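Q: Residues per chain, in single letters:
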Amino acid sequence: MRWGVITFPGSNDDAQTVYVLERLLGESVVRLWHKQTALGPLDCVVLPGGFSYGDYLRCGAMARFSPIMRAVEEFAASGGLVLGICNGFQILCEAGLLPGALIRNRGLSFLCTRVHVRVEEAETAFTDRCQRGDVLDLPVKHGEGCYVADEATLRALEAGRQVVLRYADADGRVTPESNPNGSLGAIAGIRNARGNVFGMMPHPEHACEWLVGGEDGRKIFLSIMARGGSAVDAAGAPSSSKVLSGP
Amino acid sequence: MQVTVDTALAHGLTAEEYARIEQALGRPPTIEELGVFSVMWSEHCSYKSSRLHLRLLPSSGPRVLQGPGENAGALDVGDGLAVVFKIESHNHPSFVEPFQGAATGVGGILRDIFTMGARPIASLNSLRFGSVDHPRTDYLVRGVVGGIGHYGNCIGVPTVGGEVYFDAGYDDNILVNAFTLGVVRADEIVRAAATGVGNPVMYVGSRTGRDGIHGASLLASAEFGAESESKRPTVQVGDPFTEKLLLEACLELMSPAFRHHLVAIQDMGAAGLTSSSTEMAGRGGAGIDLDLSRVPLRERGMTPYELLLSESQERMLLVVRQGSEETVRELFAKWDLDAAVIGTVSDTGRLRARWDGTLVVDVPIEPLTSGAPCYDRPASEPAEEDGQRIDLGRLPEPVDYNEALATLLESPNLASREWVYRQYDTYVGGGTIVRPGSDAAVVRIPGTQKAVAMTLDCNSRHCLLDPYVGTVSAVAEAARNLAVSGAEPIGVTNCLNFGNPEKPEVMWQFQQTIAALRDACVAFGTPVVSGNVSFYNDTEGRSIPPTPVIGMVGLLDDASLHVTQWFKGEGDAIVLLGRNREELGGSEYLAVLHGQARGALPWIDLDLERRLIRAVLTAAREGLLRSAHDVDEGGLAVALAECCITAETGAALGARVELESVGLRPDALLFGESHGRIVLSLRRRHLTRLREIVRREEIPLAVIGEVRGQRLEINDIVDLDVTSLRARWRGALERALAGRR
Chain A
0 MRWGVITFPG SNDDAQTVYV LERLLGESVV RLWHKQTALG PLDCVVLPGG
50 FSYGDYLRCG AMARFSPIMR AVEEFAASGG LVLGICNGFQ ILCEAGLLPG
100 ALIRNRGLSF LCTRVHVRVE EAETAFTDRC QRGDVLDLPV KHGEGCYVAD
150 EATLRALEAG RQVVLRYADA DGRVTPESNP NGSLGAIAGI RNARGNVFGM
200 MPHPEHACEW LVGGEDGRKI FLSIMARGGS AVDAAGAPSS SKVLSGP
Chain B
0 MQVTVDTALA HGLTAEEYAR IEQALGRPPT IEELGVFSVM WSEHCSYKSS
50 RLHLRLLPSS GPRVLQGPGE NAGALDVGDG LAVVFKIESH NHPSFVEPFQ
100 GAATGVGGIL RDIFTMGARP IASLNSLRFG SVDHPRTDYL VRGVVGGIGH
150 YGNCIGVPTV GGEVYFDAGY DDNILVNAFT LGVVRADEIV RAAATGVGNP
200 VMYVGSRTGR DGIHGASLLA SAEFGAESES KRPTVQVGDP FTEKLLLEAC
250 LELMSPAFRH HLVAIQDMGA AGLTSSSTEM AGRGGAGIDL DLSRVPLRER
300 GMTPYELLLS ESQERMLLVV RQGSEETVRE LFAKWDLDAA VIGTVSDTGR
350 LRARWDGTLV VDVPIEPLTS GAPCYDRPAS EPAEEDGQRI DLGRLPEPVD
400 YNEALATLLE SPNLASREWV YRQYDTYVGG GTIVRPGSDA AVVRIPGTQK
450 AVAMTLDCNS RHCLLDPYVG TVSAVAEAAR NLAVSGAEPI GVTNCLNFGN
500 PEKPEVMWQF QQTIAALRDA CVAFGTPVVS GNVSFYNDTE GRSIPPTPVI
550 GMVGLLDDAS LHVTQWFKGE GDAIVLLGRN REELGGSEYL AVLHGQARGA
600 LPWIDLDLER RLIRAVLTAA REGLLRSAHD VDEGGLAVAL AECCITAETG
650 AALGARVELE SVGLRPDALL FGESHGRIVL SLRRRHLTRL REIVRREEIP
700 LAVIGEVRGQ RLEINDIVDL DVTSLRARWR GALERALAGR R
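Those sequence lines, one after another, are chains A and B. In this text, residue positions in the first sequence follow numbering that gives the first Met the number 0: the first is 0, and each later residue adds one. In this text, residue positions in the second sequence follow numbering that gives the first Met the number 0: the first is 0, and each later residue adds one.
For reference, chain A alone in the conformation it holds in the complex:
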């Protein structure tokens, strides 16, 4: 697969994402500079974590106007896979590629901790290697990770099975205590209606090695690789063994 990882001014997890894809997963990666106007041939483009433009004005609000974003929008419109992690998720929301917004955490301060997220949808291009109800152990590190949207949008997200990851406890129960930032519906990750654009606040790229942060994050990248960069569902009916373990 051919990946592109964008560096915006202020991106911090771009190098780590490239390291995971190239060195740990043996993938081919193109580093993209935000001033580029074309992506070139790619199967998946990643908008990494960080503080693009210092998070000034509003997280992602400036990066969304970077020259490369026009190309990302076209790539998404043509069905290409787009993964936004943390600040990347914020940029995708600001760009209108995903609905809703990410606002200041409930606790009003930056939060770096490990969380558990429950996989709500396994039949996606980003969670194909997971089972529905799986619990992933991943780090979060953000000041603005509280997902919000109006009621109609939230209903549409749920009805369209666009909520892919939800904050939960280690047993997969969604509780007020397991929601680190106050996100509505405990939403940690969503995809667009077409299923080819995915944003998540937790950091899978920081959970790909036992020595540093565990290996649960690999499942996200391996899922994308399993589909070979296609957003179209693989052939075959969903397995009946994929049952929700939570309430």
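It is possible that part of the hints are untrue.
To be verified - Here are the simulated distance ranges between beta carbons:
1. A/Thr-36 to B/Tyr-138: 35 to 41 Å
2. A/Leu-183 to B/Tyr-138: 29 to 35 Å
3. A/Arg-30 to B/Gln-448: 36 to 42 Å
4. B/Gly-524 to A/Glu-176: 46 to 52 Å
5. B/Gln-448 to A/Gly-106: 52 to 58 Å
Said to hold, decoys possible - Partner residues are not named here, just some residues of chain B that face chain A (Cβ under 10 Å, in silico):
6. Gly-145
7. His-149
8. Trp-334
9. Asp-424
10. Gly-429
11. Ala-450
12. Ala-558
13. Thr-648
Rather than coming from a laboratory, the hints here were simulated on the basis of the structure. Please read these numbers as outputs of a predicted model, since none were measured by experiment. Backbone N, C-alpha and C define an ideal beta-carbon position, used for all residues, glycine too.
Got chain A; can you put chain B on it based on the hints?
A: Quick look at chain B alone, frame taken from chain A:
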């Protein structure tokens, strides 16, 4: 403006110093020249009260690639790589404006590291606040922690550890010491010596504004008084986003493709353009001609005096090769940064600055740098009553040891720091192996199997009671903290925070500390390669407790053999290395449960510490250890409790422990802070091998118990549920701070 001795006094200089300036110039200085002298001769920049003594510290060794005198020190870690590290204070600015003061402290130390060509991979910080009951403490803690997080998180360097202490001695003068470590190829370390007559001097980064003028001289090098609030304009404002761009652009300039364009680089930190240009010229034995009218400005109407003294952040001064100007300008433009040629290297040995064609500064470099004043200030031991004396016979034992232990774990200096470090990005960079919460932070050296371990240590209560023993103990504790993490100590940086050096008692504390640092660092074979002295930590005439913060760096050849402090599994044997003694002096126990900060300090034997470290390192390298934890504040019972409850994830683990009392008072056995002790846990089948290793080093070893169940049981006096103990320990700091709101 006519400069007189009164102008000089208002700039923080003495009359004698002013006379020296007139002598060096052969005429009265211009106001701009006086400004230049006042910052360069400030305590902060010239180390005039400490230089004489700092020379005593050991700074050489087989690994040393760069000792004191550059922006930071560098040690060889093999594989053609070096680690570059330093610690610096930002105390007064953080007290006046906690958020920006702490943030710019982080920004400053980061620049010191990447100026050497090293990519920063980890930051730590040592924070000291007043009593949690002081009305200002909560505000200061929130500001400082928020500022550190803001800067470090945004620039993308993980904040992986450090220390936070509360003591009424810092009520009016908090300490914020920031440490950063970076990695560079050993043959690519960049230095800051201006050479090559005619080479252009370039200014890159943020534009210059009026912020931070006289930060180094009037804020950092003078005592505090009631008017300290009014010094807020001398605090700089940080922009971590610009610094991130500056970091990437500078490292790109230092990469193989561009390196040949660069001659020297230095950040404009304290005393801004003045110190960066004079120090680079001084190191290169050259001169520098500046055209101040070409400095990029943030605001209109600035005077040359303000330009020379501004401490606007995120700026660097470069010397590049003739003809490279355009390449360098283009490289910085890629990162949306300004770059301007503002001068040239000369062979005059003078700093000359023009403003609109007029020469406003024309001074020799030598008296500003190596020839700056250097004082051998008088020192005398404080004549106060002997804080070492204590009558243990009159000290009542706790009625309930369970409650005593829980109270200690909830006290501000022992409670979990999670509330602090969860505001720091500890993951960014992808190398953090051991996050905050164990004895030392461990971070992988990129592209290798190796890792560095880092710790900051100082027990200032001990240093107040006896600066020599306290400092030796701090160095030993730092070395133990690295060893229990599986790392061999390789070098030291230090931040020496003291009161007014013009007081003989403070100078005595300082000299005792230097002697101790020398002795301990020689004993451990850990050269001091960088450091910082912060004097004048006084408010209304009261000095802070002497606080020499030791930053020690260790090396693990195999990162996977790192060790953490918490117990790992049911059935493991618990072993104590070292000997318990009846030593309660200066302990947290005395302070928290008896309100007494006194007593004779625990005995310390550097030879024993060295052997202990060797033994633990051998065991760690053979993969025998499941956990290892240094016994320090709170004593053995607190150390055991920490082994049970400090794991970041998973359940707390209980332990059944039987300690031989050997005639000690039970409170001394549980809470005494005797040095040279380490708690280990390991699988029983490894006990025989451990005994062999330890016997060779002649260290006492006792199997004291087993990891078991959900309760911590010690002899028949402690029996606590570890899950509820963990809950009390975890939330205690936040509760204590919130209690004041």
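Q: Are the hints correct? Go through all of them and say.
A: Hints, verified against the model:
1. A/Thr-36 to B/Tyr-138: 35 to 41 Å: Roughly 48 Å apart at Cβ, these two residues miss the hinted range, so it is violated.
2. A/Leu-183 to B/Tyr-138: 29 to 35 Å: 32 Å, holds
3. A/Arg-30 to B/Gln-448: 36 to 42 Å: 26 Å, violated
4. B/Gly-524 to A/Glu-176: 46 to 52 Å: For A/Glu-176 against B/Gly-524, whose Cβ atoms are near 48 Å apart, the range 46 to 52 Å holds.
5. B/Gln-448 to A/Gly-106: 52 to 58 Å: Since the Cβ atoms of B/Gln-448 and A/Gly-106 sit about 38 Å apart, the hinted range of 52 to 58 Å is violated.
6. Gly-145: 7 Å, holds
7. His-149: 8 Å, holds
8. Trp-334: 7 Å, holds
9. Asp-424: 5 Å, holds
10. Gly-429: 4 Å, holds
11. Ala-450: With a minimum Cβ separation of about 9 Å from chain A (threshold 10 Å), the hint on B/Ala-450 holds.
12. Ala-558: Status holds, d = 6 Å.
13. Thr-648: 6 Å, holds
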